[in-house]
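Protein chains in written order, with this note's numbering: chain A, 1 to 310; chain B, 1 to 290.
Any given hint could turn out to be false.
Claimed, not checked - For each label pair, taking beta carbons as the anchor points, the in silico distance ranges come out as:
| no. | chain 1 | residue 1 | chain 2 | residue 2 | range |
| --- | --- | --- | --- | --- | --- |
| 1 | B | 205 | A | 201 | 27 to 33 Å |
| 2 | A | 10 | B | 154 | 33 to 39 Å |
| 3 | B | 43 | A | 126 | 18 to 24 Å |
| 4 | B | 199 | A | 213 | 38 to 44 Å |
| 5 | B | 118 | A | 263 | 55 to 61 Å |
Said to hold, decoys possible - Some, not all, of what chain A presents toward chain B, calculated at C-beta under 10 Å:
| no. | residue |
| --- | --- |
| 6 | 134 |
| 7 | 136 |
| 8 | 139 |
| 9 | 143 |
| 10 | 154 |
| 11 | 158 |
| 12 | 161 |
| 13 | 223 |
| 14 | 225 |
In short, the hints are calculated from the structure, not lab data. Note that the Cβ used here is the ideal one computed from N, Cα and C, for glycine as well.
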Amino acid sequence: MIPFILTRLLRALITIALVVTFAFVVLRLSGDPATIILGPEAPPEAIEAFRKSWGLDQPVLVQYLQYFAAIFQGDLGMSMRDGRPAFELVVERIPATLALTLPALMLKLALGLPAGVYAALHQGTAFDRSVMVAAVFGFAIPSFVLALGLVLVFAVNLGWLPSGGRDTVWHAVLPIITLGAGGAAALARFTRSAMLEVLGRPYIRTASAKGLLWAVVVRGHALPNAAIPTVTLIGFLVGSLIAGAVVVESVFSWPGVGRLLVVAVANRDLAVVQCILLLVATTMVTSNLIVDFLYGALDPRLRQGARAAA
Amino acid sequence: MSIFDTSANPPIRARHILRWPDMPWYVTLATVWLLLVLAVALLADVITPHVFTAMDLNYRLVPPFQTLAHPLGTDELGRDVLSRLIVSIRVSLLIAFGATVISAVLGTTLGFLAAHFRGIVEQAVLMLADFQAALPFLILALSVLAFFGNSLPLLIGLMGLYGWERYARIARGLAISASAQGYATAITQLGAKPIRVYLRHILPNIASTLIVSMTLIFPEVILLESGLSFLGLGVQPPMTSLGNMVGYGREYITRASWIMLTPATLIVLTTLAVSLLGDWLRDKLDPTLD
């Protein structure tokens, strides 16, 4: 088990280093932030001073190493727009984003998992077919279209709910539904096919042939095995908690990380964009890592394999 | 029924699987819709009733089905919605097609390289795939686009990075198992260069799986492009795309919702059609794909 964990950890670290490198290369080399922030007509002395104070006058390799060093010291740079630490700016937006993405995740799990399992157990029924139809539509309707559709019906025509902002709890209803609905359909479809795959296996036939109650077969044999692929998808959903709401936050003017990213990108606020990129990648890599470890707990074959390899 | 009567069990001919009668009605409908959309995109120059940027200030915010001159209505600047829609279809499809082809070629090449060289090359390709998986593509695309400025070729190239890792994984896996089969070994023994083995012999054998993957990734590219354009960070005015139109129409959602609803409906129907077709093709051609 220990070599397994170490390999995974190493891979995770390399992935994060790659993301840092990518962020650095793309964001630092694609243009001159000094002219962008100060404008093309700014006096050369002002530009020079700006470049010096942000370390932009150093050779690229030095900037790169400094950047790596700074990150390991927890320094993610200052926002070029309002001069505050980028990390601080991003972190103070996280609660707002989580206020949308966490309930949306609950909604996805509460609707998607049971619907998928039930549909697989009753394959071919009307319920199963409607889950599949919902899943296909859930995929084909982009979140901004769903969001605007909900605004049109519930905010513009019926006037029941606000269409944007973050003043009351009611403001969160439409964004959460937008995020949750499509995800629930996708999760249901995935769970259904994972479950169907397991139900077709010989050990399920064996289990029912030896006289076990169907409920026992499902609970003891089918569900644990179908959980393995499903956990991967849930890990991905958890990993996108921070940045999974870029479009929806923009539609509903919700002051979260996603909205901050869009504004920072439009303003070329390098430090903020880098900080969000890193944060998103770290969340994703961490949750994938947890999934890998959960596999060890869920799947005895992996434990055995790891032990045999060790 | 004699054992010679094969009518109940017609022989399986992979090449003839795409016959009309086998299609469920909704796949037929999807195919017809796609052909229609494709025809519109190809004939865009001929069939647009107005120039898509032309303003007609006497006819601002005309609702659909009011005048013959503007059957789908006009927007705030009096521009014809139908004409803008037709041009948008062309632009969105062009980006989606271009990107899908780039991504398929890139991914397949990397997959073949990984399968051929193994070792470090394979590790590097897998590492890149890990990197891609660690970053939601929208975030990656957002930063690249805004920082490199914005042009149509760049947008197509960037979208072309979407999904390459899926082709690479498929191509690598299938090429490794194909190399172990007789035909690839035989050709190699006859003295064929690796590039010939991969392009002339292995590629045709795994093409159906790759094509199915393309139909599954294509709608995702449409959604991605329309999302970016909706945020104002994709296709830039005066150019227009379906996502752009929705983003613009959003400002008039209370007074003139048709500006937003027409392109939105088109996005949904087209994505729906491609994914229905892709799902059906996958079930027909390659049940092993997830």
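Worksheet item: Quick one, is the residue 136 of chain A hint okay against chain B at 10 Å, beta carbons?
Response: holds, 6 Å
Restraint satisfaction for residue 154 of chain A [CB to CB of chain B, less than 10 Å] | violated, 12 Å
Does the hinted range 33 to 39 Å hold for residue 10 of chain A and residue 154 of chain B at CB?
holds, 34 Å
Fill in: Residue hint residue 223 of chain A, partner chain B, criterion CB-CB below 10 Å
Since the shortest Cβ distance to chain B is 20 Å, the answer is violated.
When the least beta-carbon distance from residue 143 of chain A to chain B is tested against 10 Å, hint result:
With Cβ-Cβ at 8 Å, under 10 Å, it holds.
For this session: Could you tell me whether the CB distance from residue 118 of chain B to residue 263 of chain A stays inside 55 to 61 Å?
Result: At 45 Å between Cβs, range violated.
Report holds or violated for the interface hint on residue 158 of chain A, using the least CB-CB distance to chain B and a cut-off of 10 Å. violated, 13 Å
Quiz item: Would the stated hint for residue 139 of chain A survive a check requiring a Cβ distance to chain B of less than 10 Å?
Solution: holds, 6 Å
Against the range 27 to 33 Å, how does the distance between the Cβ atoms of residue 205 of chain B and residue 201 of chain A compare: consistent or not? holds, 29 Å
Hint check: 10 Å Cβ-Cβ cutoff, residue 225 of chain A to chain B: violated, 16 Å
* Can the hint on residue 161 of chain A be confirmed by a CB-to-CB distance to chain B that is less than 10 Å? -> Given a least distance of 14 Å, the restraint on residue 161 of chain A is violated.
*residue 43 of chain B and residue 126 of chain A, beta-carbon distance inside 18 to 24 Å?*
violated, 42 Å
In the structure shown, a violation is registered for the earlier hints numbered 3, 4, 5, 6, 10, 11, 12, 13 and 14, in ascending order.
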